[in-house]
Every structure is written in C-alpha cells, then in structure tokens.
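**Q** Start from the sequences, fold in the hints, and give me the full structure.
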Amino acid sequence: MTLKVLAVDDSKTIRKIVAKAFAPYDCQVIEAENGVEGLAIAGKEKPDLIILDITMPVMTGTEMLAKLKAQPNLKDIPVIMLTAESGKENVINILKMGVKDYIVKPFKGEQLIERVSKVFALKPVQVQDASKPSCTSQQGDITIFTLPERIERQQGPEFDTLFQQTLKGMADAGLNKIVLDLHKIKDVNMFIVRLIIGIVQHGQKARVKMQAVGAQGLASELKGFQETSDLVFHETLDAALAAF
Amino acid sequence: MGDIQQLDLSSITINATKQVFKTMLSMEIDPLPSGSIGKVSGNRVVGSVGFAGVVIGNIYIHVPGGFAKEMAAAMLGMEPEEMEDEEEVNDVIGEVSNMIGGDLKSRLCDAGFPCQLSIPNITRGTDFHIDTIGWMRHERIGFNKGNNPMVVEVFIKSVA
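Chains as they are written, first to last, in my numbering: chain Y, 1 to 244; chain G, 1 to 160.
Hints should not be assumed to be uniformly reliable.
[Stated by the list, open to error] Simulated crosslink set (BS3-like; lysine-lysine; CA at most 30 Å straight-line):
(1) G/LYS39 / Y/LYS88
(2) Y/LYS88 / G/LYS157
(3) G/LYS22 / Y/LYS108
(4) Y/LYS108 / G/LYS18
(5) G/LYS22 / Y/LYS20
(6) G/LYS157 / Y/LYS209
(7) Y/LYS209 / G/LYS22
[Unchecked claim] Derived coverage of chain Y by chain G (criterion: at least 3 residues anywhere in the stretch with Cβ under 8 Å from a Cβ of chain G; other residues may be distant):
(8) 81-90
(9) 101-115
(10) 162-173
FYI, nobody ran anything at the bench for these hints, they're computed from the structure.
Small disclaimer: the values here were computed from a predicted structure and weren't measured.
Where is the CB? At the ideal position from N, CA and C, for every residue including glycine.
**A** Put into structure tokens, the structure is as follows:
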C-alpha cells in the first residue's frame with residue numbers, strides 16, 4: 001500500500017527536499033504551506049504520516065499539532081517535526097506535544113528517511129504495471145525513458161502522456177535529468193519522428209536536461225528538425241548517463 | 001539570566017553558517033580573518049530573521065545575486081543557469097537564514113535568554129545600508145566561497 005505523507009512547510013525548497021527524499025519509495029507526498037492548509041488536507045486525505053515544520057506564517061506547526069491532537073480521527077497520525085531550533089527547551093516542548101520524532105534543520109533527505117524507517121517499512125517504488133507499457137527507470141538522480149522497438153500509430157498519444165507523467169513525477173521529486181533511450185527503434189518514419197519531436201518539446205518546456213541514445217540513422221534524421229537539432233545522441237546508455 | 005556581553009556570538013554564527021552550508025548545500029565555506037571582511041556590493045540578496053524575548057535582535061545574511069543563485073541551485077540539485085525563478089532563490093536564502101538564525105536562537109535560549117524566532121524576510125537591491133544604531137552587540141563575519149564574498153551580521157540587545 002502506498003504510504004501517504006503530508007509535508008507541511010512554508011518553504012517550497014524544504015517541501016521539494018522532502019518529496020525528493022521519498023521519491024525512491026512507494027509514497028505519495030502531499031504538500032501544504034502552513035498549519036491551516038495542513039489541517040484541512042489532513043482531514044481530507046487522512047495521511048499515514050505528517051512531516052511538520054514549526055515556524056510558519058498563518059498557523060505554526062505547534063498550533064497545527066495541538067489542533068490535530070484535539071481531533072479524534074486525526075490524533076493518532078504519526079508526526080515528525082522539523083525545527084531550526086535545537087535548544088533544550090524547544091526539544092523538550094516538542095517531545096511533550098506527543099510527536100513521534102523530530103529533526104533539527106539543517107538536515108539531509110537521508111536523515112529524514114532513516115527516521116521515517118523507524119516508524120514505517122518503506123517499500124522501493126515498483127515501476128512495473130502489466131497493463132501499461134513500462135518506459136521509465138531510474139539510475140541515481142537520472143530518469144531513463146525508453147521507447148519500445150515498435151509503436152503502433154494509435155499508441156502515440158499514450159506514450160506522449162506517459163512522458164508528460166514522467167516529467168511531472170520528476171518535477172515533484174526535484175529531479176531534472178533524463179535520458180531518452182531510443183536505441184530499440186529500428187524503423188524511422190514520420191510518425192516516430194513526430195512522436196519524438198513532441199516528447200523533446202515537452203522536455204524543453206519542463207526545462208529538464210536531456211541526453212539521447214539511439215542509432216546513427218535516427219540521430220541524423222532528428223538533426224534535420226529545428227526542435228530536435230540540439231538533442232545530443234550517444235551510442236550507449238552508459239555514455240548518455242556519463243554526459244550529465 | 002546571563003550576561004549578553006559574555007556570549008561568543010562569533011563562534012556560534014560561524015559554526016551555524018558552516019554547518020548549514022555543508023549539510024544543505026554540500027559546500028565548505030570558511031570565515032575570513034576579522035581584519036579582512038569582504039564587502040558584498042552590487043546586486044545582492046539579504047536574508048534576515050529576527051528574534052524577540054528577553055533579548056531582541058536580527059541576523060542578516062548578505063549574498064551577491066549570482067552566488068544566491070548558486071546556493072539555490074545547490075540546495076535544489078539543479079544548475080545555476082536553470083534558476084530563473086527569483087522566488088525559488090528567495091525561498092532558499094530565507095531558509096538558510098532561518099536555519100542559521102534558529103541555531104543562534106537556540107544557543108541564546110540555552111544561555112538563559114529565552115526568545116522567539118520570526119519567519120524569514122528577503123531584501124533585494126543594489127544600494128542600501130543596514131544601520132547598527134542602538135545595539136549592544138554587533139558581529140560582522142565575512143565568508144568566502146570561491147570568488148564569492150558573503151557576510152553574516154548579528155545584532156543583539158537585551159530588553160531589561
């Protein structure tokens with residue numbers, strides 16, 4: 001079962017760091033900017049875990065926690081507090097509030113995962129889904145999007161959508177490097193070229209860094225189009241990964 | 001309550017700044033000798049947080065605009081040239097200020113000066129000056145990362 005995590009922090013940067021830390025695991029990270037928003041989302045989404053900052057405008061983390069604990073249907077949700085303050089009194093007060101754990105900023109994503117692992121058994125992401133074509137894999141912080149050898153014309157929109165979903169997942173996880181793996185494609189026709197051009201344009205719009213893997217013929221064909229003229233092709237996946 | 005003059009503000013600020021840069025930005029920065037503090041001029045971003053209680057004060061992080069972008073990129077795992085959104089840069093500088101200020105606030109509380117921390121503020125500009133009138137303690141510490149100067153300033157006074 002996917003672990004639902006609510007990250008409440010007024011800093012978009014911290015929310016991105018939290019989302020990135022959970023990206024390799026089967027988790028859905030929902031975000032809120034302050035205590036009021038966090039409380040509303042907690043009531044609606046019933047998260048399994050809340051990562052809660054203390055110093056926030058509108059409603060602080062401490063105030064949100066008090067309201068959370070006052071609601072019978074939400075009071076048992078484990079909360080891990082994030083705080084920039086490591087003073088003894090602050091730590092004692094946090095622990096008195098009934099939180100599961102606390103993390104003092106500055107912190108690394110790995111530290112967060114280590115603390116969460118004490119409460120939940122985190123499962124690595126299962127990318128495979130038998131009912132849908134599987135195109136995406138991960139090498140460290142680099143996403144690999146692989147197109148199959150054969151794509152029927154009617155499947156074009158499906159692959160286009162899959163690529164856009166991959167870009168969205170990357171953005172949510174704070175990732176921005178992708179390899180477009182086209183080495184399986186043997187038949188180069190206008191349908192394939194148009195599909196790849198569309199994919200590359202999505203990548204350019206999302207401002208991701210892109211490298212490509214593919215045969216010389218396909219590379220030459222795509223060089224002739226303005227949209228893909230800057231796409232750098234490599235002969236192997238390893239070479240493309242190393243190019244970042 | 002302790003004596004505000006006995007606080008080693010300089011060491012507290014240096015340690016907190018180095019720790020935040022190392023953990024969040026994977027950057028090693030070192031303080032400059034007190035006699036050769038660099039000046040951050042031109043386009044700059046200043047992050048600040050305030051604290052108020054039995055002592056009141058502010059901490060300011062002065063960063064050149066270009067270095068602010070580098071910091072934001074480092075924290076978000078991106079390249080500086082990809083940082084086109086000023087809000088993202090502001091958010092990172094604000095968060096860095098919050099972490100350095102949070103550590104200082106914690107040390108103040110532990111030393112018997114209970115106080116509360118404000119949320120961060122950001123000031124951007126090319127020609128402005130922050131006054132130091134009326135404060136009991138003022139520390140100005142310069143740091144250098146490559147060719148980028150950075151200055152952290154702390155102002156404190158007791159209310160009693």
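**Q** Each hint: holds or not?
**A** Cross-check of the supplied hints:
| no. | hint | verdict |
| --- | --- | --- |
| 1 | G/LYS39 / Y/LYS88 | 36 Å, violated |
| 2 | Y/LYS88 / G/LYS157 | 22 Å, holds |
| 3 | G/LYS22 / Y/LYS108 | 10 Å, holds |
| 4 | Y/LYS108 / G/LYS18 | 15 Å, holds |
| 5 | G/LYS22 / Y/LYS20 | 19 Å, holds |
| 6 | G/LYS157 / Y/LYS209 | 49 Å, violated |
| 7 | Y/LYS209 / G/LYS22 | 26 Å, holds |
| 8 | 81-90 | holds (count 8) |
| 9 | 101-115 | holds (count 4) |
| 10 | 162-173 | violated (count 0) |
Violation of the numbered hints given earlier is confined to hints 1, 6, 10; the remaining hints are satisfied by the structure.
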